[in-house]
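Trainee: Residues per chain, in single letters:
There are 2 protein chains.
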Amino acid sequence: MLEASEVGNTMSKAEFKEVEPQLRVDLVNAQYDLRDADFGVLLFVAGDDRVAGNEVVNRINEWMDARFIQTHVMGPLSGEESMRPRFWRVWRDMPPKGRIGLMAGGIMRLLNENLAGDLSDEQYEHAIDHLEQMQESLVAEGTLVIKIFLHTPAKKQRKRMKKAEGNKDEGWRIDQRDWAMLDLLEESGAKLEQLLRRTSVAGAPWSVIEATNRRYRDVAVARTILNAITARLTEDAPAGVAVSDQLFSPGERQATVLDTVDLARTTDKATYDKELNSLQREVHGLARQARDRGLATVLAFEGWDAAGKGGAIRRITQALEAGDYRVISTAAPTQEELKYHYLWRFWRDLPPAGRFVIYDRTWYGRVLVERIEGFATAAQWQRAYDEINDFEDQLVERGIYVAKFWLHISAEEQLARFQARENTPEKAHKITEEDYRNRERWDEYVQAVDQMVLRTSSTDAPWHIIAANDKLSARLEVLDHVRSGLRKALRKLP
Amino acid sequence: MLEASEVGNTMSKAEFKEVEPQLRVDLVNAQYDLRDADFGVLLFVAGDDRVAGNEVVNRINEWMDARFIQTHVMGPLSGEESMRPRFWRVWRDMPPKGRIGLMAGGIMRLLNENLAGDLSDEQYEHAIDHLEQMQESLVAEGTLVIKIFLHTPAKKQRKRMKKAEGNKDEGWRIDQRDWAMLDLLEESGAKLEQLLRRTSVAGAPWSVIEATNRRYRDVAVARTILNAITARLTEDAPAGVAVSDQLFSPGERQATVLDTVDLARTTDKATYDKELNSLQREVHGLARQARDRGLATVLAFEGWDAAGKGGAIRRITQALEAGDYRVISTAAPTQEELKYHYLWRFWRDLPPAGRFVIYDRTWYGRVLVERIEGFATAAQWQRAYDEINDFEDQLVERGIYVAKFWLHISAEEQLARFQARENTPEKAHKITEEDYRNRERWDEYVQAVDQMVLRTSSTDAPWHIIAANDKLSARLEVLDHVRSGLRKALRKLP
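Line by line, the protein sequences are chains A and B.
Be aware that the first sequence starts at 1, since it is given in our numbering, and climbs by one per residue.
Be aware that the second sequence starts at 1, since it is given in our numbering, and climbs by one per residue.
Keep in mind that a hint or two might mislead.
Same chains, same names: a pair is fine if it fits in one copy or spans any two.
Pairs of lysine to aspartate or glutamate residues, derived as EDC-like cross-links and limited to a Cα-Cα distance of at most 16 Å, are as follows [to be verified]: (1) K339 with D38; (2) K191 with E122; (3) K339 with E141; (4) K97 with E337; (5) K339 with D36; (6) K492 with D460; (7) K339 with D93; (8) K97 with E336; (9) K159 with D183; (10) K488 with D460; (11) K492 with D292; (12) K155 with E6; (13) K155 with E187; (14) K159 with D178; (15) K97 with D33; (16) K162 with D183.
Simulated from the structure, these hints should not be mistaken for lab results.
All figures in this text were calculated on a predicted structure; none of them were measured in a lab.
Okay, chain A solo, but in the shape it has when bound (with noise of 0.2 Å):
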């Protein structure tokens, strides 16, 4: 989920002074409505990037007014902490009613204390499960819980520090625990991630916010919480429901994890037709090991539509023999299904041991399609993430290849699709008015494509995003992506 928020969000200088002020009057303003409201506001602030916590700490306590809001940072405990449970401090430090209670750190600390061996597996396995539950405690009880995590891709930190230890005004800053930290998270990011979705909790999710620009991530920090702020004292958002991650307006420019995707990309048919028989036999020859050896393969498409999803999962299956895959192609459920939890029909088809199945749309319906039509409330697409992520784990942790595709195309390139299939008798029926419907709202499909991608991908079940303007490459672009998940996926047997 970390390295999908690297998606190069900035803000220019003249930018950020237009914005400021505003934002500034807004952040006080939603402060002095507060005071009155029945909710307090626990805000905690985390990140893989400590000089960038402590500025953003700073900068809130700047733009915010000081007697309303109270900064505790989650230092190594005190005397009279240690003394007490863990959480003993964060209880004491509990914003009241109309107060806003910022906590700085705790969850780095967790996980710094556990990989030093300070924490037992066991003491940090209990501490996550508290953390759940006293989050889940705040939030039924009404407390609106913000949690924003800054993440700058440890290259970019190291280059920053090393620039700043070569000046003399600027090099007193950079100390040895910097060095450490960065070590340790390029050791450890698939735990930190972990720890990250585990401690997300319906209602109360980590919001990534990328840190390289220093006046992007301000700007995003501060409306997190004004958003939050504002949409629970409007109603927009009721105790227990997240507010949308749409933090700057669409005249403003905010990257997506669509953005990261070079839709330029093609590929001649020659070098396809090379590329594709022998990234296919050696798909075929992984396959036929993981049938010997017992694993299987959990392969997920979505994208938009005609982005080419069946093209590139007939590419994947004349690779493999008949009998070792499925492809279940998901449609709305029927009558039937529609009697059970909508996980339930993905859950019936899982593969045995050593096959393969690949859904055509899948069980991400939920923060798709059913978030974007309303058929799913907000409190149920919300806790979708954690359900899919539940969902996911329990996979992985039975040994299953896990990976997930988003064929991304861009809105032009669709249109001259439809266009093209309507014009071709065989393919016309495969257009509807619902497909035109749905290209109105592909602004929300972004916003859902990107937060969805933030909150779902893992190290074990990561997404890929494949530039799919060209269908060629894209099918190339898939495939390669099976290989080497198989190929690490069979290196990881025991």
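Assemble chain B onto chain A, guided by the hints.
Mentor: Below, chain B alone, put in the same frame as chain A:
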């Protein structure tokens, strides 16, 4: 929580014959009404009594219409099942809306596999997490989850099995697994209780049913199912809220945990003086050790009005150094305290290392007065069992000695004390009209206390039910528990 269910419930043949026909009619009618409902029923039956488990599953199938209930015994994973994630079979066999799915034995299998080393501690922890998440998600999406745990004390099971083995006609029913399971249970009681607590989620708690007497057991099981389905159908208990544990009408006899104490017990003044002195001296010595070695203590006092909590607490504090303890008298929350989560004020007052905090009335107000007076909604007080267990688990994990006392008197004794107080000028102010009003709800309080003790008693934070009709013997009993509890806690220190 299991021991707390051992209250000696039985049912005579005559009573059974009287209730059985109507119960069967009601069960089948409920099934028919359920067919058109928009929810399914997931019924887990498990227990530490294998024989009872089998008999109960057979009984449910005998009493209900087999067309609308599917039974799945969670035996060892089959080939098909072992190739999927552990809970795949639960999802596969999930009841649709309108139907009942009975799953037998799964939770004990989880425990046994871990104890036998077939499931690592890490896998066991993950399985519990997934089980929690699954239930929360099912409950949130509308499934009615009913969970019945059949408990028979190991001693009684041994006796029964020895008798059966000697019997030509029944001996073949007993096999090695039964004896092995009993050994296991006696060693791992605390772990089983922990498992039941952790898998009790809001809206889907375990109902522990005393299984020693077959007739009582079967009727209690049937009524648990019937009440849950009926309450949901009639919307007495909306989705996510469990129905009350009240299974028997006042005319019928249902024992509660309060029936297990002998209210007739007395102590004469001479014995009292001697024993009090000796107990206080010992507690004083243990408290000094606790201070020196950093053991913190939390004592929680609840009980009927005028049961003598204050007097019992004073006999403890007399044995302590003034600087080593605080007594927290919990009244209705102040305006200031109402701005926080209900647990906040109790967290705030936790003792530092080496000190005592004695709460005179506690966080259990949530599931007693707040439940009965309607200050907390059903969803709130039902959630509170989990919240309280999690709170106390954090104390125990931090090494704090926790003990909870319910001072029990009869309704007659209470009335006599009220009247005596009214006739004593310096005590008359302690009696108000509210005290008399509370008496009218005596039976409701009995149910609430019974449920509270069942849901929140654990090996590490036990409830002690004190017979307090005789003040002197009550005080000695409390001190005796504190003495042995402190001793045990000191021995456990590293």
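Trainee: Each hint: holds or not?
Mentor: Hint by hint, here is what the structure shows:
In this assembly of identical chains, K339 and D38 lie within 16 Å of each other by CA distance solely across copies; the values are 8 Å between and 38 Å within a copy. Taking the shortest alpha-carbon separations for K191 and E122, both the intra-copy value of 15 Å and the inter-copy value of 14 Å come in at or below 16 Å. For the homomeric pair K339 and E141, the shortest alpha-carbon distance between copies (11 Å) is at most 16 Å, but the shortest distance inside one copy (31 Å) is not. In this homomeric assembly, K97 and E337 come within 16 Å of each other (Cα to Cα) only across copies, at 10 Å, whereas the closest approach inside a single copy is 43 Å.
For a Cα distance limit of 16 Å, the shortest separation of K339 from D36 across copies, 11 Å, qualifies, whereas the shortest one inside one copy, 44 Å, does not. Within a single copy, K492 and D460 get their C-alpha atoms as close as 11 Å, which meets the 16 Å cut-off; across copies the closest is 40 Å, which misses it. In this assembly of identical chains, the alpha carbons of K339 and D93 lie at most 16 Å apart only when taken from different copies (13 Å versus 45 Å within one copy). In this assembly of identical chains, K97 and E336 lie within 16 Å of each other by CA distance solely across copies; the values are 9 Å between and 46 Å within a copy.
When the C-alpha separation of K159 and D183 is checked against a cutoff of 16 Å, the pair qualifies only within one copy, where the shortest distance is 14 Å, while the shortest distance between copies is 61 Å. Taking identical chains as interchangeable, the C-alpha atoms of K488 and D460 lie at most 16 Å apart only when both belong to the same chain, with a minimum of 10 Å there against 45 Å between chains. Taking the closest pair of Cα atoms, K492 and D292 come within 16 Å of each other only inside a single copy of the chain (15 Å); across copies the shortest separation is 51 Å, beyond that limit. When the C-alpha separation of K155 and E6 is checked against a cutoff of 16 Å, the pair qualifies only within one copy, where the shortest distance is 12 Å, while the shortest distance between copies is 62 Å.
Only within a single protomer do K155 and E187 lie at most 16 Å apart by alpha-carbon distance; the minimum there is 13 Å, versus 52 Å between protomers. Taking the shortest Cα distances, K159 and D178 sit within 16 Å of each other inside one copy (12 Å), while across copies they are farther apart (65 Å). Taking identical chains as interchangeable, the C-alpha atoms of K97 and D33 lie at most 16 Å apart only when both belong to the same chain, with a minimum of 12 Å there against 45 Å between chains. Taking CA atoms no more than 16 Å apart as the test, K162 paired with D183 passes inside one copy only; the shortest distance there is 14 Å, against 63 Å between copies.
Hint compliance for this structure: no hint is broken.
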